[in-house]
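Number of protein chains: 2
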Amino acid sequence: MIPPFRIFKPVPNLVFAPGAISQLSASLQEQRRPDGYVVYIIDHYFADGRLNEIIAAAESDVVHYLDTTDEPTSAVVNALRENILAHQGKTPDVLVAIGGGSTLDTVKALSIIFTNKGKAEEYQGWDLVSQPGILKIGVPTISGTGAEVSRTAVLTGPLKKQGINSDFSLYDSILLDPSLLSTVPAAQRFYTGMDCYIHCVESLSGCFINEFARAFASKALDLCTSVFLKDGSDADLMVASLMGGYSIVYSEVGLVHALSYGISWAFHIHHGEANCIIFNALERYYPQYVEEFRQMVDRQGLMLALPKGLTYDDALFEKMADIVLLMQRPLHNALGADWRNLLPKEKIIEFYHQL
Amino acid sequence: MIPPFRIFKPVPNLVFAPGAISQLSASLQEQRRPDGYVVYIIDHYFADGRLNEIIAAAESDVVHYLDTTDEPTSAVVNALRENILAHQGKTPDVLVAIGGGSTLDTVKALSIIFTNKGKAEEYQGWDLVSQPGILKIGVPTISGTGAEVSRTAVLTGPLKKQGINSDFSLYDSILLDPSLLSTVPAAQRFYTGMDCYIHCVESLSGCFINEFARAFASKALDLCTSVFLKDGSDADLMVASLMGGYSIVYSEVGLVHALSYGISWAFHIHHGEANCIIFNALERYYPQYVEEFRQMVDRQGLMLALPKGLTYDDALFEKMADIVLLMQRPLHNALGADWRNLLPKEKIIEFYHQL
Chain H
1 MIPPFRIFKP VPNLVFAPGA ISQLSASLQE QRRPDGYVVY IIDHYFADGR
51 LNEIIAAAES DVVHYLDTTD EPTSAVVNAL RENILAHQGK TPDVLVAIGG
101 GSTLDTVKAL SIIFTNKGKA EEYQGWDLVS QPGILKIGVP TISGTGAEVS
151 RTAVLTGPLK KQGINSDFSL YDSILLDPSL LSTVPAAQRF YTGMDCYIHC
201 VESLSGCFIN EFARAFASKA LDLCTSVFLK DGSDADLMVA SLMGGYSIVY
251 SEVGLVHALS YGISWAFHIH HGEANCIIFN ALERYYPQYV EEFRQMVDRQ
301 GLMLALPKGL TYDDALFEKM ADIVLLMQRP LHNALGADWR NLLPKEKIIE
351 FYHQL
Chain R
356 MIPPFRIFKP VPNLVFAPGA ISQLSASLQE QRRPDGYVVY IIDHYFADGR
406 LNEIIAAAES DVVHYLDTTD EPTSAVVNAL RENILAHQGK TPDVLVAIGG
456 GSTLDTVKAL SIIFTNKGKA EEYQGWDLVS QPGILKIGVP TISGTGAEVS
506 RTAVLTGPLK KQGINSDFSL YDSILLDPSL LSTVPAAQRF YTGMDCYIHC
556 VESLSGCFIN EFARAFASKA LDLCTSVFLK DGSDADLMVA SLMGGYSIVY
606 SEVGLVHALS YGISWAFHIH HGEANCIIFN ALERYYPQYV EEFRQMVDRQ
656 GLMLALPKGL TYDDALFEKM ADIVLLMQRP LHNALGADWR NLLPKEKIIE
706 FYHQL
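Those protein sequence lines, which keep their order, are chains H and R.
When we follow the numbering used here, the leftmost residue of the first sequence carries the number 1, and every step to the right adds one.
When we follow the numbering used here, the leftmost residue of the second sequence carries the number 356, and every step to the right adds one.
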């Protein structure tokens, strides 16, 4: 199929089952070459080794615990490739990502630069990747970002924060095991779940919506509210994340994501929390949803605010507004074709001043 | 991934847009070899040629209008292959199916026997196909069966009615164009839509359900009721069909499908209508759903009943019950592991007597 009709490409292999991770090891046997090896990139949250037994890595495998304090950078991805190649002397057979959006996106980018020359930052943009990456399996341990099903690996490079958007960013397999979510800290679970809620709101409220994306977004939204207003299950949250992810794959995010990029960049606030702070201030644009969102925030006992003691000046606000204005598709989706007139730079700066 | 956790495989390429069929021709150019050809298998409903201009088949292509009065048989599939090969002297590059469940399933099977030796009936069963088929594109013109996303090509062979269940039955691409549904006769639209509604009920009520399949089934169910109780759109019906299909791919149908196979086989009643007749008689098993279903039937102004003047005897009922009892997985899903005791043959015969 060719443009203007976009092709929707889902993850080709998916397993959903509590306990499914226990079969990761056996399933990897099918993918290993006799003298090959597997690389596990695991969120450092699991660095105490509690997954060792389940993973059962072979002696020749590489297990790397990824520091996800900051969001993924191209520098970290490039260094991972160099270190692995220096240590092993050849490319791996399979990459396994176990973690949240940062870990999942890091492995997407890593997979690509094992088979495509140059550095990760050279592929930031749309469809710049020419070769399929190394086979990759994603195992989410927190739900909401939709990274497990998207064709985007969001990276901060030396020049910009932008995704590697490519069909080759898509996972070959994802293993959705809700039992892995059981130890996620409550605040983090909420902020990440709200990433899903918020991008569904943006998808449903935008002008790029169609019935396909609407069905996925509205179901994901229902699941999110049931999880956070009625103590729904981690399994439901996991399905919400998948459906919300598929919704934005076939529509677009909106004003919240655009504005949150500015504060994430300036103040190093994680994506999920940054979205919540921005969304809470956008009652005018998404009234009934913000009201429901505040009920969920209250029920979690959380307070949304920018961290105290931030330093900022006019120059910083200028730069933040420039970052927002790069988000052309989300802004078009949220405000219509006339978005440049409706959202001049001064209005963004004014919004940030009032936060 | 390996059993017991089933792998969910979706259709890898999907386009959803009103008018999307207008780009079929251009998109096929990418798949054609210089001296290759495309086979279009089109429901005979379109035999008046009204799709000719949109399809724009090349002179070397084959356009075949498929008689879908009866449901697909292995004999028809085998003959299609022989006729096409005799006429063209080589295998096609691409198969395009334009039609409902019968057309979609016929092309799934045809694709497989162009690259796998022997006859279609040799592949009825589970995972008997060893080679990928010819590239195939599905274009549904009626919605509800879920055939566009399933890995099953239901066929009546010389020995049995059973699906070719294989990963290679899955379409490579589907093109979901809701505008193609605009001329579907109302009764047929309803019976086919109810196929979706009913298999969602069976999925939600069965013991094989999980949160993944439940989310798809419950959303599809909501869309179906909105379409048939509130004049929802063809686009929503198309999305319901997809979601309902995905739900049963990862769970299972139930009592209705099992019992409807018997009357379809004995009295040549189409699958959608047969399901409705059976479901209407299963108030005891699916009470609140049957009530809602009857509201939808009433709103369509339809009367559900077996055709008049059917001839039957005890021997026929025996054979019908045998067919039902072959549906082990659906019966297990509907009634639990003890299904053989809960549904002895006499009980099925009694049910058919009372219809």
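The hints are simulated quantities; they were obtained by calculation from the structure and are not laboratory data.
The reader is advised that the hints may include incorrect statements.
What the hints assert, rightly or not - Distance condition first, Cα-Cα at most 30 angstroms in a straight line; then the derived DSSO-like pairs of lysine-lysine:
1. H:K9 <-> R:K364
2. H:K230 <-> H:K90
3. H:K230 <-> R:K585
To be verified - Below, a sample of chain R positions facing chain H; criterion: calculated Cβ distance under 7 angstroms:
4. F363
5. A372
6. L559
7. C562
8. F563
9. A570
10. G664
11. Y667
The structure displayed is predicted, hence computed values, not measured ones.
Heads up, the beta-carbon is just placed ideally off N, CA and C, and yes, glycines get one too.
Quick rundown of the hints versus the structure:
Between K9 of chain H and K364 of chain R the alpha-carbon distance is near 12 angstroms, which keeps this suggested pair within the 30 angstroms criterion. Straight-line distance between C-alpha atoms of K230 of chain H and K90 of chain H comes to about 50 angstroms, which puts the hinted pair past the 30 angstroms bound. Restraint check for K230 of chain H and K585 of chain R: the C-alpha separation of about 29 angstroms stays at or below 30 angstroms, so the hint holds. For F363 of chain R, the interface hint holds, since its Cβ comes within 7 angstroms of a Cβ in chain H; the closest pair sits about 4 angstroms apart.
At its closest, the beta carbon of A372 of chain R sits 5 angstroms from a beta carbon of chain H; the interface hint therefore holds under the 7 angstroms criterion. Hint status for L559 of chain R relative to chain H: violated, with the closest Cβ pair at about 14 angstroms, above 7 angstroms. The closest approach between the C-beta of C562 of chain R and any C-beta of chain H is roughly 15 angstroms, which is over the 7 angstroms cut-off, so the hint fails. For F563 of chain R, the interface hint is violated, since its Cβ never comes within 7 angstroms of a Cβ in chain H; the closest pair sits about 12 angstroms apart.
Restraint check, A570 of chain R versus chain H: the minimum CB separation of about 5 angstroms is within 7 angstroms; hint holds. Interface restraint check for G664 of chain R: the shortest CB-CB distance to chain H comes to about 42 angstroms, outside 7 angstroms, so the restraint is violated. At its closest, the beta carbon of Y667 of chain R sits 42 angstroms from a beta carbon of chain H; the interface hint therefore is violated under the 7 angstroms criterion.
Hints 2, 6, 7, 8, 10 and 11, counting from the list given before, are not met by this structure.
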